[in-house]
Amino acid sequence: MAKGANNGFEPRIVGFLCRWCSYTGADLAGTSRTRYPPNLTGIRVMCSGRVDPTFVVQALADGADGVLIAGCHPGDCHYSEGNYKALRRHRMLMNLLEQLGIDRQRVRLEWVSASEGSRFAEIVTDMTEKLRALGPLHPRRPALLETAVAPGAEVHG
Amino acid sequence: MVTLTIDGKAIAAEAGLTVLQAASDAGIHIPTLCSHESLSPYGACRFCMVEVSQRGRHRLVTSCTLPVAEGMDVQTRSERVLRIRRVLAELMLARCPESTVIRDLAGELGVTASRMRPLTDVVSTIVSQSGCILCGMCVRLCDDVLKIGALAFEGRGARRRVTTPFRQPSDACLTCGACSSICPTHAIEHLRIRPHAPRPIPSEFEYGMTGRKPIYIPFPQAVPRVPVIDQSTCLYFKTGGCKVCEDNCGARAIDHAQQDQIRQLQVGTAVIATGFSLFDGGQMPRYGYGRYKNVFSALEFERLCHAGGPTGGRILTREGEPPASVAILHCIGSRDENHLRYCSRVCCMYSLKFAHLVKEKTGAEVYNLYIDVRASGKGYEEFYKRVLGEDVQFIRGKAAEVTDVAESPEERGKLIVVCEDTLLGLVRRIAVDMVILSSGLRPAEGAEKVAQAFALSCSRGEFFLERHPKLAPVDTASDGIFLAGACQGPKDIPDSVAQGGAAAAAALVLMDRGRFVLEPVTAEINAELCAGCKMCIANCPYTAIRYDPEQKVSVVTVELCKGCGTCVGGCPSGAARQDNFEDVQIFAEIKGALAPA
Amino acid sequence: MGKPKVAFYWCASCGGCEEAVVDLHEKILDVVQAVDIVLWPVALDFKRKDIEALPPGTIAVSFINGAVRLSEQLEWVRLLRERSGLVVAFGSCAHLGGIPGLANYTTRKQIFENKYLRSVSVDNPDRLLPQTRTEVNGYELHLPEVWPVVKPLDEVIDVDYYLPGCPPPVNLIASALQGILSGQLPPKGSVLAPAKALCESCPLNDSKPEKMSVSQFKRLATTSADPKTCFLAQGYVCMGPATRSGCGERCIRGNMPCRGCFGPPPQALDQGAKFLGALASMFDSRTEADAQAVADSIADPAGTFYRFSLPKSLLSGRSAPQPES
Numbered sequence: 000m001a002k003g004a005n006n007g008f009e010p011r012i013v014g015f016l017c018r019w020c021s022y023t024g025a026d027l028a029g030t031s032r033t034r035y036p037p038n039l040t041g042i043r044v045m046c047s048g049r050v051d052p053t054f055v056v057q058a059l060a061d062g063a064d065g066v067l068i069a070g071c072h073p074g075d076c077h078y079s080e081g082n083y084k085a086l087r088r089h090r091m092l093m094n095l096l097e098q099l100g101i102d103r104q105r106v107r108l109e110w111v112s113a114s115e116g117s118r119f120a121e122i123v124t125d126m127t128e129k130l131r132a133l134g135p136l137h138p139r140r141p142a143l144l145e146t147a148v149a150p151g152a153e154v155h156g
Numbered sequence: 000m001v002t003l004t005i006d007g008k009a010i011a012a013e014a015g016l017t018v019l020q021a022a023s024d025a026g027i028h029i030p031t032l033c034s035h036e037s038l039s040p041y042g043a044c045r046f047c048m049v050e051v052s053q054r055g056r057h058r059l060v061t062s063c064t065l066p067v068a069e070g071m072d073v074q075t076r077s078e079r080v081l082r083i084r085r086v087l088a089e090l091m092l093a094r095c096p097e098s099t100v101i102r103d104l105a106g107e108l109g110v111t112a113s114r115m116r117p118l119t120d121v122v123s124t125i126v127s128q129s130g131c132i133l134c135g136m137c138v139r140l141c142d143d144v145l146k147i148g149a150l151a152f153e154g155r156g157a158r159r160r161v162t163t164p165f166r167q168p169s170d171a172c173l174t175c176g177a178c179s180s181i182c183p184t185h186a187i188e189h190l191r192i193r194p195h196a197p198r199p200i201p202s203e204f205e206y207g208m209t210g211r212k213p214i215y216i217p218f219p220q221a222v223p224r225v226p227v228i229d230q231s232t233c234l235y236f237k238t239g240g241c242k243v244c245e246d247n248c249g250a251r252a253i254d255h256a257q258q259d260q261i262r263q264l265q266v267g268t269a270v271i272a273t274g275f276s277l278f279d280g281g282q283m284p285r286y287g288y289g290r291y292k293n294v295f296s297a298l299e300f301e302r303l304c305h306a307g308g309p310t311g312g313r314i315l316t317r318e319g320e321p322p323a324s325v326a327i328l329h330c331i332g333s334r335d336e337n338h339l340r341y342c343s344r345v346c347c348m349y350s351l352k353f354a355h356l357v358k359e360k361t362g363a364e365v366y367n368l369y370i371d372v373r374a375s376g377k378g379y380e381e382f383y384k385r386v387l388g389e390d391v392q393f394i395r396g397k398a399a400e401v402t403d404v405a406e407s408p409e410e411r412g413k414l415i416v417v418c419e420d421t422l423l424g425l426v427r428r429i430a431v432d433m434v435i436l437s438s439g440l441r442p443a444e445g446a447e448k449v450a451q452a453f454a455l456s457c458s459r460g461e462f463f464l465e466r467h468p469k470l471a472p473v474d475t476a477s478d479g480i481f482l483a484g485a486c487q488g489p490k491d492i493p494d495s496v497a498q499g500g501a502a503a504a505a506a507l508v509l510m511d512r513g514r515f516v517l518e519p520v521t522a523e524i525n526a527e528l529c530a531g532c533k534m535c536i537a538n539c540p541y542t543a544i545r546y547d548p549e550q551k552v553s554v555v556t557v558e559l560c561k562g563c564g565t566c567v568g569g570c571p572s573g574a575a576r577q578d579n580f581e582d583v584q585i586f587a588e589i590k591g592a593l594a595p596a
Numbered sequence: 000m001g002k003p004k005v006a007f008y009w010c011a012s013c014g015g016c017e018e019a020v021v022d023l024h025e026k027i028l029d030v031v032q033a034v035d036i037v038l039w040p041v042a043l044d045f046k047r048k049d050i051e052a053l054p055p056g057t058i059a060v061s062f063i064n065g066a067v068r069l070s071e072q073l074e075w076v077r078l079l080r081e082r083s084g085l086v087v088a089f090g091s092c093a094h095l096g097g098i099p100g101l102a103n104y105t106t107r108k109q110i111f112e113n114k115y116l117r118s119v120s121v122d123n124p125d126r127l128l129p130q131t132r133t134e135v136n137g138y139e140l141h142l143p144e145v146w147p148v149v150k151p152l153d154e155v156i157d158v159d160y161y162l163p164g165c166p167p168p169v170n171l172i173a174s175a176l177q178g179i180l181s182g183q184l185p186p187k188g189s190v191l192a193p194a195k196a197l198c199e200s201c202p203l204n205d206s207k208p209e210k211m212s213v214s215q216f217k218r219l220a221t222t223s224a225d226p227k228t229c230f231l232a233q234g235y236v237c238m239g240p241a242t243r244s245g246c247g248e249r250c251i252r253g254n255m256p257c258r259g260c261f262g263p264p265p266q267a268l269d270q271g272a273k274f275l276g277a278l279a280s281m282f283d284s285r286t287e288a289d290a291q292a293v294a295d296s297i298a299d300p301a302g303t304f305y306r307f308s309l310p311k312s313l314l315s316g317r318s319a320p321q322p323e324s
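Chains as they are written, first to last, in numbering that gives the first Met the number 0: chain A, 0 to 156; chain B, 0 to 596; chain C, 0 to 324.
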């Protein structure tokens, strides 16, 4: 895997994959021996509707540079409408995270069907490259004592 | 019931019937030209004259207008009656000397020539006067029964004739053809009533190669095998008239007032067997389907071969002649990056079948243009060998185009199939009379709607997705919904039957078991934490959550819960949880996913 | 032995929590009878050296309100922790970061520049910014340092109990004092309020239908709310479902939707994220465009959903900017 710019930074992506469509699709990418970057670790849930926005936020707080939520195509959800709920949560979460200075590309919602192994691979490849260009998502909770300012110096943020 | 005697036989007949009807019911034939079960009696042709004795009186009466009466004695073939009939025959012959029907009827009575002067000053109007016997059946049918009214009588006496209003071509005429089919002497010329050639109602089953009536049996193996009425073409729905079919139905099984009913069935299992549709050859214009008449789709050709089809099983071009040469093009639409990427599995075998039938029925030159011949079923390879030995020419090379532009005198008037014969290494032009496109299989029309209704996933080509390609070929992701046949993927009849049996067995197991297995991943709401905010209820598509106003909490009905977890993902107080997908488990997975490599 | 010693201190706060104590009205007299207040900067004139003189653990309970951002606040809360048996985080700011916690949306640099350089009413030609040390007339003056992030109290010292609310309602304060003085207290680390969310006791919950569907959220500034119908059902953002109860629904009864000052219920790790997930169930949308439109109808989701709890949230505020490479 070629190391891009940013000093060989490898983005870490947490993926939430629904058991019926996107996890099966990701599995198909594997059984088809499709090559794609190893930067994503998938977590299986029954439906993309299970994905609580708290998971996304926790993942980013725990060190993920990006989060992928993947579900069935609209109209094809195994549980009828879970993916629509995931869509709504995602759109609001994007608006909120933007206010927190987190680039929209870091949390993606994609539709991947059970037969779309190659599409899954493309998404992970694309996301890895975009995150590599964006750089790591920096820790947001610096310890108080780490930011001591020298006397008389300008105060920077 | 009334008892009367006809020709010496005692007959019991329902009161209200005419003598003609009673005789016909009893199997006694009385000739008639102007009566029909759907038309009220008219007594125009007089042929049904009989001699009636009743209470000592003898008289000659038309049996079509005479109601049965108790004690009536009817003679249908007395000397007097026959003499009258012969005179009538002579009169008819004079009026319609050309009509074969009249001549045959006269012949039965022993009349071969007429003593009257033949009608020569034929006034040409709508109806061929040389055939019209003024029986009025067409008028009565069009006006009284069908309520269209495009025909009527005009004039009196010798000048009386059947015509359209003002003798102009009629706009009211619906070209239903009822008048000509009822005319006893075949005297009606349609184009003079309405100068448009009637368009047959295309038979769906015969792919438009022949017509059908508004009332028809869809196909010979229809279940149930009863006729249906097509509301869009049935005359009753256009004019309020006709209903001749009801008159003809002895079982009184026809009811034009029937309405579509939407019925709701509550079921616990469903087998989806919505089948396939043939890839439309028109998507590949280079093969000329729809442009050249003699390029046939596979299903059209199946009908040509079939003894019950439009040609009675004879393989004929559209010009009605047996072809001297036929090309069968394999893989139309299939194994094609631009159309269907997959192999449709059945087409090679049906192409071989076509080749065999063409050879057998016509002896024509047969060319099969193939990429690979896939003959993997039981007995299939043997059949392929057999066809190879039947002098069928197999050309390895998918056809490039079908054209009618001739490049030499021999090609004129024919369809030329251009292809590369890869085994010979040549581009060839093969001139044939008929081309058959062996098209691939796609899911049936409307399959996407079925998929959405049953929450089915689809695999490549939009066929419905089985739960597991090896271990669960008839199950779907949803419990209780099974797949059978070509809707799950292209397959032939033996495989479809096997899969149908498997699906039925799986459904039976579910119904028979008497127990229901729940998903181990259902949701539950902790009443200690639930504030009854009701935000979760809108998240559930299965209506598995309801609010309990007594306890002021929301409750999951676990039998309805399918375990998606959407309510859990949206619970603002963390009161909802999902078995085996708890928040703590997922947080642990997140930590694990991000642990240093 | 003497009366139990009690201390009140304020960090980054508005003073409302002191007012809440004063709101005990005449009961305050019972309080001062029962306890010995050894520190209350707003009301009494005790100094730091008075507290420093006390042996460790001699203050029975210190009620500390306000969020922590200054070095001076850190010193004080550490001092009080050492000298106290129990520390109660008093009010939303100490509990979750509170309104001062909204500073975590921006950076210290931005705050200073806005305040001292860009503000139209400030005349600062030398472009001076606060320094921790300066010399004036031969004397060295010190100012506390401003840290880059606002923190809730329990991220700097060990906290025994939390009294939520902005400010905590009087009855909760009274019962907390009662409990502490009588020694009848729940397990350490508890929030001294019921566990269930606000909807359970909300007078408008009966008017809330089982399924709500909103295509555009409404703003109080431009519309009038019906005081007899659930705010969410009317299309207003009400944080009730993701907020602990115990406040007596003061806002609801004042025809204002809940703003979430009591913080999330115990199982909700991040109040804003939890509320966002629940709110999405109310969207009237089928397509991606519709979903975006409904989401966009909330003007400031971060400020609304994390109004009191931003520092306590999992991301605790704006992500740090990229370092210059």
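In case anyone wonders, no lab produced these hints; they're calculated from the structure. Heads up, some of the hints might be wrong.
[Stated by the list, open to error] The calculated DSS-like cross-link candidates involving lysine-lysine, where the alpha carbons are at most 30 Å apart (straight line), are: (1) Lys413(B) - Lys448(B); (2) Lys448(B) - Lys358(B); (3) Lys448(B) - Lys210(C); (4) Lys217(C) - Lys551(B); (5) Lys129(A) - Lys358(B); (6) Lys551(B) - Lys4(C).
Do the hints match the structure? See the list:
Taking the CA atoms of lysine 413(B) and lysine 448(B), the gap is near 43 Å; set against the 30 Å cutoff, the hint is violated. Distance restraint check for lysine 448(B) and lysine 358(B): the Cα-Cα separation of roughly 42 Å exceeds the 30 Å cut-off, and the hinted pair is therefore not satisfied. Taking the CA atoms of lysine 448(B) and lysine 210(C), the gap is about 26 Å. The hint holds against a cut of 30 Å. Our distance criterion of 30 Å between C-alpha atoms is met by lysine 217(C) and lysine 551(B), whose separation comes to about 27 Å.
Taken as a hint, the lysine 129(A) and lysine 358(B) pair is broken in the structure, with Cα atoms around 63 Å apart against an allowance of 30 Å. About 42 Å separates the Cα atoms of lysine 551(B) and lysine 4(C), which puts this hinted pair outside 30 Å; it is violated.
Violated hints, listed in ascending order, are 1, 2, 5 and 6; each of the other numbered hints is respected by the structure.
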